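K.L.:
Protein sequence lines correspond, in order, to chains A and B. Sequential numbering of the first sequence, starting at 0, is according to numbering that gives the first Met the number 0. Sequential numbering of the second sequence, starting at 0, is according to numbering that gives the first Met the number 0.
Check the hints yourself; a few may be wrong.
As the list claims (entries may be wrong) - In the DMTMM-like style, the derived pairs of lysine to aspartate or glutamate whose C-alpha atoms are separated by at most 20 Å in a straight line are:
| id | chain 1 | residue 1 | chain 2 | residue 2 |
| --- | --- | --- | --- | --- |
| 1 | A | 39 | B | 130 |
| 2 | A | 39 | B | 116 |
| 3 | A | 221 | B | 130 |
| 4 | A | 138 | B | 107 |
| 5 | A | 29 | B | 95 |
| 6 | A | 138 | B | 130 |
Rather than coming from a laboratory, the hints here were simulated on the basis of the structure. If you're wondering where the values come from, they're calculated on a predicted model, not measured in any experiment.
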Amino acid sequence: MGHIPKAALQMRKFFIEIGELSYFAGRFFKVGIRPPFEFKEFLRQCYNMGNRSLVLVLVTGFIIGLVLTLQSRPTLIEFGAVSWMPNMVGISIVRELGPVITALVCAGRIASGIGAELGSMRVTEQIDAMEVSGTNPFKYLVVTRIMATTLMLPLLVILGDAVALYGSALVENFKGNVSFQLYFNTVFDALSYGDLIPATIKSFFFGFAIGLVGCYKGYYSKKGTAGVGTAANTAVVFTSMLLFVIDFVAVFISDIFYEL
Amino acid sequence: MEKEIAVGPESVKEKKVIIDIKGLYKSFGENHVLNGFNMKLYEGENLVVMGKSGSGKSVMIKCLVGLMEPDKGYVSVMEHDISTLDQESLDVLRADIGFLFQGSALYDSMTVRENLEFPMRRHRKKLGDIEDTTPFVMEALESVGLEHTMELMPAELSGGMKRRVALARAIILRPKIIFYDEPTSGLDPITSKEIIELMRSIQKKYGTSSLIITHDVDCARVISERIILLVDGVNYAEGSYHELIKSKDAKVQAFFKK
Chain A
0 MGHIPKAALQ MRKFFIEIGE LSYFAGRFFK VGIRPPFEFK EFLRQCYNMG
50 NRSLVLVLVT GFIIGLVLTL QSRPTLIEFG AVSWMPNMVG ISIVRELGPV
100 ITALVCAGRI ASGIGAELGS MRVTEQIDAM EVSGTNPFKY LVVTRIMATT
150 LMLPLLVILG DAVALYGSAL VENFKGNVSF QLYFNTVFDA LSYGDLIPAT
200 IKSFFFGFAI GLVGCYKGYY SKKGTAGVGT AANTAVVFTS MLLFVIDFVA
250 VFISDIFYEL
Chain B
0 MEKEIAVGPE SVKEKKVIID IKGLYKSFGE NHVLNGFNMK LYEGENLVVM
50 GKSGSGKSVM IKCLVGLMEP DKGYVSVMEH DISTLDQESL DVLRADIGFL
100 FQGSALYDSM TVRENLEFPM RRHRKKLGDI EDTTPFVMEA LESVGLEHTM
150 ELMPAELSGG MKRRVALARA IILRPKIIFY DEPTSGLDPI TSKEIIELMR
200 SIQKKYGTSS LIITHDVDCA RVISERIILL VDGVNYAEGS YHELIKSKDA
250 KVQAFFKK
């Protein structure tokens, strides 16, 4: 019996957090569209986030491409369908694996970074100092970061996809003597705008979610150094969960369009 | 127990009131931090508010600059009722207020120069639409004796140097009032004395009024013209340092006992 109130309390806490996050997102749109725009800070954040995650995304993408091809090969050989390898890998990477894995890697790298950075700024009163000096900290810190992640994630996804496909082509080249030209021609033949557009749109939402949750957790970080750690940690957990929810909704919507 | 009623130097009383707080209340849940606090700061005055940790000193100072909204009470800064100001007017008013935060609050990701230039982004007009900010940055850094640190990052500075840079940032817009939130906390006695001397010299140079929140008796002794003791969210006692140390009240004595 004692578990029920505790579970109810946690559910309540969860829904309060969802409500606060929605309000935070609303504030982003309200504040973000009004001048002055912090363009210089936005560019700095784009550079930081792209630069900070590029190597990780490239390495992860390359290994995913290698592993996916190596793991699928025996099964496809068994069914005499190994010639479908570029089609299968191309579609699965572009539609699903590329965006989701890149977003998860960035959630670990960027969302936790933003959470910790803003959290420590909150704890050390830097956000208060910014406000006292007449700069809107929400606009300067939050809007620029969310916009930067929204813009940079699709670019990272495209690079991650390219490297994953290259990794897959490398395996096919070694194991199946398939030339790189033939491999990529087959991949591009198999892909349509119906694969590329939903995946790209989805990536923008992933980027938005990463920036939003990272900023929310950091901006409202509780006092003390423990609060900074919690902000960074919960930013990753919450973002990862949100990414899967967005992915489900995106697949569900694009599936409706496919049927039409 | 009888409270000691406001006294202070006569010369101060004749001056213009630039901060007026009447019946300030602020609670956090069941924790009633301020329970009807009253205060007046006169032009050119150095007023010290002393109180134990958690007595609401920092909350009071944050209500003054609009970082916190009081539950009840009247807060006026330079004849502007803070509660009625919109964001734009509040920002304009803040250009006349310098704030030295307890932990210095320098922006970690910016150099010392960028930290000092930051308030000028929004309030450049106040300094006459300047093109080059370097002379202003240099002058502020010279005032605190740290002109050689312009291109350093905050992480490369000692605690005392950080506090001095924060002081330079607080005066860069030539404010009329400076709020000091525990200016000597976390510093060794020698550095504390240096900071107190700097505060005095800055007040002399720029003619600012100062509101100093502290529990450092030495700081209060050296810099104050008037002291308010904040106990249980209200003004418990008020007077000059020399008046208060003569008090027979046990709570007042507890503050000044070495």
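K.L.:
Now, for every hint given, state plainly whether the structure supports it.
P.N.:
Hints and how they fare:
1. The suggested pairing of residue 39 of chain A with residue 130 of chain B holds, with an alpha-carbon distance near 18 Å, which does not exceed 20 Å.
2. Restraint check for residue 39 of chain A and residue 116 of chain B: satisfied, since their Cα atoms lie roughly 15 Å apart, inside the 20 Å limit.
3. Restraint check for residue 221 of chain A and residue 130 of chain B: the C-alpha separation of about 40 Å exceeds 20 Å, so the hint is violated.
4. The suggested pairing of residue 138 of chain A with residue 107 of chain B holds, with an alpha-carbon distance near 18 Å, which does not exceed 20 Å.
5. Distance restraint check for residue 29 of chain A and residue 95 of chain B: the Cα-Cα separation of roughly 28 Å exceeds the 20 Å cut-off, and the hinted pair is therefore not satisfied.
6. A threshold of 20 Å between alpha carbons decides the hint, and for residue 138 of chain A with residue 130 of chain B the separation of about 24 Å lies outside it, so the pair is violated.
Violated hints, in rising order: 3, 5 and 6; the structure is consistent with all others.
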